[in-house]
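Peer 1: The opening position of the sequence shown corresponds to residue 1 in full-length UniProt numbering, with each subsequent residue numbered one higher.
No lab work stands behind these hints, which were simulated from the structure alone. A hint or two may mislead.
Result set (SDA-like, lysine to any residue): computed pairs, CA atoms no more than 25 Å apart in a straight line [stated by the list, open to error]:
id	residue 1	residue 2
1	Lys-222	Glu-19
2	Lys-120	Leu-147
3	Lys-25	Lys-222
4	Lys-27	Gln-268
5	Lys-25	Leu-36
6	Lys-187	Thr-168
7	Lys-25	Glu-65
8	Lys-288	Leu-243
9	Lys-25	Thr-53
10	Lys-222	Met-38
11	Lys-25	Ile-162
12	Lys-187	Phe-93
13	Lys-27	Ser-194
14	Lys-241	Gln-268
15	Lys-288	Ser-261
16	Lys-25	Gln-268
Simulated restraints on C-beta separations [stated by the list, open to error]:
id	residue 1	residue 2	range
17	His-195	Leu-142	26 to 32 Å
18	Ser-286	Lys-64	15 to 21 Å
19	Arg-166	Ile-276	48 to 54 Å
20	Tyr-149	Thr-78	46 to 52 Å
21	Ser-264	Lys-64	41 to 47 Å
22	Asp-193	Ala-274	18 to 24 Å
23	Ile-273	Gly-57	23 to 29 Å
24	Asn-86	Ser-197	24 to 30 Å
25	Tyr-6	Phe-214	51 to 57 Å
26	Ile-273	Thr-137	42 to 48 Å
27	Thr-168	Ser-263	15 to 21 Å
Note that beta-carbon positions come from the ideal geometry of N, C-alpha and C, so glycine has one too.
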Amino acid sequence: MGNTRYLLTKNNVYDLDFELIYISKSKFENDWHSTLHMHPFTEIFFITSGQGTFQIGDEIVSVKESDLILINPNCSHTERSVSSSNPLEYIVFAINNLAIGISPSTLNEDNSKDALNTYKVLNFNKKKSEILYNLNTLINELEEKNLNYELACKSILTLFLIQVMRNTSSDIFITENFEKVNIECMKIKNYIDSHYSENITLDFLSNLTYVNKFHLVHLFTKEMGISPINYLINKRIDESKNLLITTNYSIRDISSIVGFSNSSYFSQMFKKIAGISPKDFRLNNSKKQTENKLA
1 MGNTRYLLTK NNVYDLDFEL IYISKSKFEN DWHSTLHMHP FTEIFFITSG
51 QGTFQIGDEI VSVKESDLIL INPNCSHTER SVSSSNPLEY IVFAINNLAI
101 GISPSTLNED NSKDALNTYK VLNFNKKKSE ILYNLNTLIN ELEEKNLNYE
151 LACKSILTLF LIQVMRNTSS DIFITENFEK VNIECMKIKN YIDSHYSENI
201 TLDFLSNLTY VNKFHLVHLF TKEMGISPIN YLINKRIDES KNLLITTNYS
251 IRDISSIVGF SNSSYFSQMF KKIAGISPKD FRLNNSKKQT ENKLA
């Protein structure tokens with residue numbers, strides 16, 4: 001009787017211990033305001049349709065349908081659509097305790113956190129149907145929450161990552177030098193980043209995460225160094241700065257767009273955080289732009 005035995009050789013990928021934090025679908029619409037931000041975890045974007053640009057650090061990268069954008073921890077980024085007739089649409093998911101395309105020797109350096117400030121843009125035009133099947137299956141598992149869906153999600157995600165590795169020269173390495181991110185805190189941060197203009201209260205965030213609101217404030221402040229409500233206010237102020245620079249909207253309109261119900265309170269908080277009134281902030285930036293044009 002013939003007998004062929006196949007042995008498994010373990011490598012660094014074998015014992016991957018990662019966590020799926022969230023996955024979501026997004027489509028560019030008129031109320032989409034982009035701002036640079038970063039996360040202590042890896043984000044992976046798959047462009048399902050449309051065209052756009054990603055600002056990653058100081059670089060502007062063009063993206064199109066079937067592109068896969070891998071953004072490693074602590075890499076500042078934001079995304080924008082370039083056409084209202086062909087708006088940018090994508091699926092994005094976040095993975096904790098994982099980095100893409102980082103060599104083990106780099107991870108052992110003292111400046112490893114800076115070395116993780118990297119990204120990759122890959123095109124999967126020929127594999128689009130496979131990619132979409134895996135991602136939509138993952139979303140379906142999270143929606144249905146059937147028996148052992150957590151294990152199913154990790155298995156699907158593992159297959160997806162293998163698919164990426166096999167179709168590129170990228171390797172996946174565990175970012176063991178990063179502390180694991182508190183999932184509840186990241187849910188709150190991600191929700192605020194996407195819904196900052198809405199009426200968000202501590203009670204709402206508590207219901208969102210099923211965590212007592214007092215304990216939630218403690219967890220979030222410990223993880224982020226700022227309370228949830230103060231993070232929300234700072235997010236709104238950051239967004240208002242972008243609108244003050246790039247639009248001619250009135251200060252009253254901007255305060256409403258970013259989520260303040262009272263323009264006087266907006267001006268008060270803006271000056272407290274930025275050290276200058278919204279009017280003077282806009283005036284100063286207008287002068288700088290004029291000087292740059294004349295230079």
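Peer 1: Please go over all the hints and tell whether each is borne out by the structure.
Peer 2: Hint check:
no. : hint                            : verdict
1   : Lys-222 <-> Glu-19              : holds, 20 Å
2   : Lys-120 <-> Leu-147             : violated, 35 Å
3   : Lys-25 <-> Lys-222              : violated, 29 Å
4   : Lys-27 <-> Gln-268              : violated, 33 Å
5   : Lys-25 <-> Leu-36               : holds, 19 Å
6   : Lys-187 <-> Thr-168             : violated, 31 Å
7   : Lys-25 <-> Glu-65               : holds, 14 Å
8   : Lys-288 <-> Leu-243             : holds, 16 Å
9   : Lys-25 <-> Thr-53               : holds, 17 Å
10  : Lys-222 <-> Met-38              : holds, 18 Å
11  : Lys-25 <-> Ile-162              : holds, 22 Å
12  : Lys-187 <-> Phe-93              : holds, 12 Å
13  : Lys-27 <-> Ser-194              : holds, 12 Å
14  : Lys-241 <-> Gln-268             : holds, 14 Å
15  : Lys-288 <-> Ser-261             : violated, 30 Å
16  : Lys-25 <-> Gln-268              : violated, 35 Å
17  : His-195 <-> Leu-142: 26 to 32 Å : violated, 19 Å
18  : Ser-286 <-> Lys-64: 15 to 21 Å  : violated, 35 Å
19  : Arg-166 <-> Ile-276: 48 to 54 Å : holds, 53 Å
20  : Tyr-149 <-> Thr-78: 46 to 52 Å  : violated, 31 Å
21  : Ser-264 <-> Lys-64: 41 to 47 Å  : holds, 45 Å
22  : Asp-193 <-> Ala-274: 18 to 24 Å : holds, 19 Å
23  : Ile-273 <-> Gly-57: 23 to 29 Å  : holds, 24 Å
24  : Asn-86 <-> Ser-197: 24 to 30 Å  : holds, 25 Å
25  : Tyr-6 <-> Phe-214: 51 to 57 Å   : holds, 55 Å
26  : Ile-273 <-> Thr-137: 42 to 48 Å : holds, 43 Å
27  : Thr-168 <-> Ser-263: 15 to 21 Å : violated, 50 Å
The structure does not agree with the numbered hints 2, 3, 4, 6, 15, 16, 17, 18, 20 and 27 stated previously, though it agrees with the rest.
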